[in-house]
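There are 2 protein chains.
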Amino acid sequence: MKNYIGLDIGGTKILGVLYDEKGNPIIKRKKKTKASEGLDVVMEQIFKVVDELLEDKSLELIGIGAGIPGLVTDEGIITFSPNIPLRDFNLKKILSKKYDVPVIIGNDVNVAMFGEFKCLNRDDLKHVLGLFIGTGVGGAIIIDGKLYQGQGAAAEFGHMVVNSDGVFCGCGSQGCLEAYASKWAIQEFIQSQIKKGRKSVLSEILESGDVIKSSAIEKAYSEGDEVTVEAIDRAVRYLGIALGSLINLFNPQMIILGGGMMESMGKTLKSKIIEESTLHAMPGLMKTVEFSLSVLGDDAGVYGACQLISNNK
Amino acid sequence: MKNYIGLDIGGTKILGVLYDEKGNPIIKRKKKTKASEGLDVVMEQIFKVVDELLEDKSLELIGIGAGIPGLVTDEGIITFSPNIPLRDFNLKKILSKKYDVPVIIGNDVNVAMFGEFKCLNRDDLKHVLGLFIGTGVGGAIIIDGKLYQGQGAAAEFGHMVVNSDGVFCGCGSQGCLEAYASKWAIQEFIQSQIKKGRKSVLSEILESGDVIKSSAIEKAYSEGDEVTVEAIDRAVRYLGIALGSLINLFNPQMIILGGGMMESMGKTLKSKIIEESTLHAMPGLMKTVEFSLSVLGDDAGVYGACQLISNNK
Numbered sequence: 001m002k003n004y005i006g007l008d009i010g011g012t013k014i015l016g017v018l019y020d021e022k023g024n025p026i027i028k029r030k031k032k033t034k035a036s037e038g039l040d041v042v043m044e045q046i047f048k049v050v051d052e053l054l055e056d057k058s059l060e061l062i063g064i065g066a067g068i069p070g071l072v073t074d075e076g077i078i079t080f081s082p083n084i085p086l087r088d089f090n091l092k093k094i095l096s097k098k099y100d101v102p103v104i105i106g107n108d109v110n111v112a113m114f115g116e117f118k119c120l121n122r123d124d125l126k127h128v129l130g131l132f133i134g135t136g137v138g139g140a141i142i143i144d145g146k147l148y149q150g151q152g153a154a155a156e157f158g159h160m161v162v163n164s165d166g167v168f169c170g171c172g173s174q175g176c177l178e179a180y181a182s183k184w185a186i187q188e189f190i191q192s193q194i195k196k197g198r199k200s201v202l203s204e205i206l207e208s209g210d211v212i213k214s215s216a217i218e219k220a221y222s223e224g225d226e227v228t229v230e231a232i233d234r235a236v237r238y239l240g241i242a243l244g245s246l247i248n249l250f251n252p253q254m255i256i257l258g259g260g261m262m263e264s265m266g267k268t269l270k271s272k273i274i275e276e277s278t279l280h281a282m283p284g285l286m287k288t289v290e291f292s293l294s295v296l297g298d299d300a301g302v303y304g305a306c307q308l309i310s311n312n313k
Numbered sequence: 001m002k003n004y005i006g007l008d009i010g011g012t013k014i015l016g017v018l019y020d021e022k023g024n025p026i027i028k029r030k031k032k033t034k035a036s037e038g039l040d041v042v043m044e045q046i047f048k049v050v051d052e053l054l055e056d057k058s059l060e061l062i063g064i065g066a067g068i069p070g071l072v073t074d075e076g077i078i079t080f081s082p083n084i085p086l087r088d089f090n091l092k093k094i095l096s097k098k099y100d101v102p103v104i105i106g107n108d109v110n111v112a113m114f115g116e117f118k119c120l121n122r123d124d125l126k127h128v129l130g131l132f133i134g135t136g137v138g139g140a141i142i143i144d145g146k147l148y149q150g151q152g153a154a155a156e157f158g159h160m161v162v163n164s165d166g167v168f169c170g171c172g173s174q175g176c177l178e179a180y181a182s183k184w185a186i187q188e189f190i191q192s193q194i195k196k197g198r199k200s201v202l203s204e205i206l207e208s209g210d211v212i213k214s215s216a217i218e219k220a221y222s223e224g225d226e227v228t229v230e231a232i233d234r235a236v237r238y239l240g241i242a243l244g245s246l247i248n249l250f251n252p253q254m255i256i257l258g259g260g261m262m263e264s265m266g267k268t269l270k271s272k273i274i275e276e277s278t279l280h281a282m283p284g285l286m287k288t289v290e291f292s293l294s295v296l297g298d299d300a301g302v303y304g305a306c307q308l309i310s311n312n313k
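Protein sequences, first through last, are from chains Y and P. According to the numbering used here, the first sequence holds residues 1 to 313 in order. According to the numbering used here, the second sequence holds residues 1 to 313 in order.
The set of hints was computed from the structure by calculation and includes no laboratory data. Treat the hints loosely; a few may be bogus.
Note that the list lumps identical chains together, so a pair holds whenever it fits in one copy or between two copies.
Unchecked claim - DSSO-like, lysine-lysine: derived pairs with alpha carbons at most 30 angstroms apart:
{"no.": "1", "residue 1": "48", "residue 2": "270"}
{"no.": "2", "residue 1": "2", "residue 2": "196"}
{"no.": "3", "residue 1": "195", "residue 2": "287"}
{"no.": "4", "residue 1": "32", "residue 2": "199"}
{"no.": "5", "residue 1": "196", "residue 2": "31"}
{"no.": "6", "residue 1": "287", "residue 2": "92"}
{"no.": "7", "residue 1": "92", "residue 2": "146"}
{"no.": "8", "residue 1": "2", "residue 2": "199"}
{"no.": "9", "residue 1": "199", "residue 2": "28"}
{"no.": "10", "residue 1": "57", "residue 2": "199"}
{"no.": "11", "residue 1": "97", "residue 2": "126"}
{"no.": "12", "residue 1": "199", "residue 2": "34"}
{"no.": "13", "residue 1": "126", "residue 2": "48"}
{"no.": "14", "residue 1": "28", "residue 2": "272"}
{"no.": "15", "residue 1": "195", "residue 2": "48"}
{"no.": "16", "residue 1": "287", "residue 2": "146"}
{"no.": "17", "residue 1": "146", "residue 2": "34"}
{"no.": "18", "residue 1": "92", "residue 2": "126"}
{"no.": "19", "residue 1": "196", "residue 2": "97"}
{"no.": "20", "residue 1": "126", "residue 2": "146"}
Here the structure is a predicted model, which means the values were calculated and not measured.
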């Protein structure tokens, strides 16, 4: 039996899944990344996940795909990862040597949204954009059915400038989409209003310093919490501006909305997002683009990684 | 001898060039489009250009490429052209039947900037963006060395929103790049300042109702005409915002700046444009992108058209 492995190497955990040749999952394994313990320990953890997936000796591994947060070059070199100690590190070479199979490494968000695209199983779709809206905003560009990565770091949708005189963004620029539409930006906005003395059902969670969950934001929004509604309306407005621009740039057949925020709120917000996009996309181009919501949740990364390697053979 | 024909079908004139198999020009012909006289007359003019190029009976025509203003589908159907009466018209089919050769039709700006890319003759470049800054703003997306056209209308760079609360654009949206960085926008800005009572060396041309030439704007700018300098600085600022966003989206290897405004002012403005882009592009991505200026002028369209068909075979 021929098999692929998909790895999703995150800042806190490494998820690995063994797939059959058709992309059906067989076994799943999870380990802590132990990023704070340094490179050697992280590599040990990655090897452990892979080795456990390969315990059945009748398997024939024919490729490994992996997604990792950070910048990954065409050659599979991780030039920078924000929360894993893997700077200028050739993970592709190491995995490929150790397991004697072809390996492809990609940016985790690129890879996850590519997984969402592939799981649609729609051969008619060639040109698709996947927007990932979570704590940050990223995504994937799919051209001719393949993941487009530029020189390794394409699809930084969060860092499109949508409002040139707008709020500052963590990247150093001003008015980036991420500064309006990410969970981080929504939380910042709600917090700023609470500081002004306004009331919100989210005050308690925010004051405790806990990370706010997308599901809590969705609940507050559905209950009509005024500050949350304002924060979401603002996020949707700028998301529509960015999507309109993206439609004018790529003339895509489909836009997939994914990430934690969309998993919680996509169904509620989809029609509003389309409405806002219509204000900025050229009418002829808006007519021919479908919008869909991601479905894989936490499995998007491993599935995308498997598809990345299996589609490259 | 095997030959290609490149056609640049514009609102006022049709330019056609016969090329040899290597892309060297052999003969050039030009006719009026006669757009106001209707579809049949326009088609006659196109045929006349092609027929004259084919007068030498020893030629063996092996393909025709054409650029045309407007929206062109993958199948070569012109769904809409702003100044030629060719709505829902299958120009590809007609030319391909009449001359019995493969034909490719593309948007004129896409095609011209593809021509600029191909004439660089740089095999190391795969992912390149071409920005065309003339009366309007458009361009071309080159991915894996090929022109990316989406569903037929990609690369509408002029209609990226750079300033969500900004000036209204002809497309119906607000704050589009074209409303800041096109020759039209620069002219509008200068005119608005003259109306306020400010002085400019361009007042006379503008008051006469004549179309202002890029070279006149360049002259006024170089002489330090205050209003013109303000207009250009504003255009460059928004161009930098758009370019920063585009670098973050495409992670390209090169950006080619073309079109009438860049032909006149590119050398003067290139370093300022790069400086402004740096403020908005992610640092790692800015480091690996080259900027270059277009060189073909009016020949970009025909050369791009020839390259479109010769690269497709």
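Comparing the hints with the structure gives:
| no. | hint | verdict |
| --- | --- | --- |
| 1 | 48 to 270 | neither (40 angstroms within a copy, 52 angstroms between copies) |
| 2 | 2 to 196 | neither (60 angstroms within a copy, 75 angstroms between copies) |
| 3 | 195 to 287 | neither (43 angstroms within a copy, 40 angstroms between copies) |
| 4 | 32 to 199 | neither (39 angstroms within a copy, 68 angstroms between copies) |
| 5 | 196 to 31 | neither (43 angstroms within a copy, 68 angstroms between copies) |
| 6 | 287 to 92 | between (41 angstroms within a copy, 24 angstroms between copies) |
| 7 | 92 to 146 | both (19 angstroms within a copy, 28 angstroms between copies) |
| 8 | 2 to 199 | neither (58 angstroms within a copy, 76 angstroms between copies) |
| 9 | 199 to 28 | neither (44 angstroms within a copy, 73 angstroms between copies) |
| 10 | 57 to 199 | neither (60 angstroms within a copy, 84 angstroms between copies) |
| 11 | 97 to 126 | between (33 angstroms within a copy, 28 angstroms between copies) |
| 12 | 199 to 34 | neither (39 angstroms within a copy, 67 angstroms between copies) |
| 13 | 126 to 48 | neither (37 angstroms within a copy, 38 angstroms between copies) |
| 14 | 28 to 272 | neither (37 angstroms within a copy, 52 angstroms between copies) |
| 15 | 195 to 48 | neither (47 angstroms within a copy, 73 angstroms between copies) |
| 16 | 287 to 146 | both (24 angstroms within a copy, 26 angstroms between copies) |
| 17 | 146 to 34 | neither (32 angstroms within a copy, 43 angstroms between copies) |
| 18 | 92 to 126 | both (27 angstroms within a copy, 22 angstroms between copies) |
| 19 | 196 to 97 | neither (57 angstroms within a copy, 71 angstroms between copies) |
| 20 | 126 to 146 | both (8 angstroms within a copy, 15 angstroms between copies) |
Figure legend: structure checked against the earlier numbered hints; hints not met, in rising order: 1, 2, 3, 4, 5, 8, 9, 10, 12, 13, 14, 15, 17 and 19.
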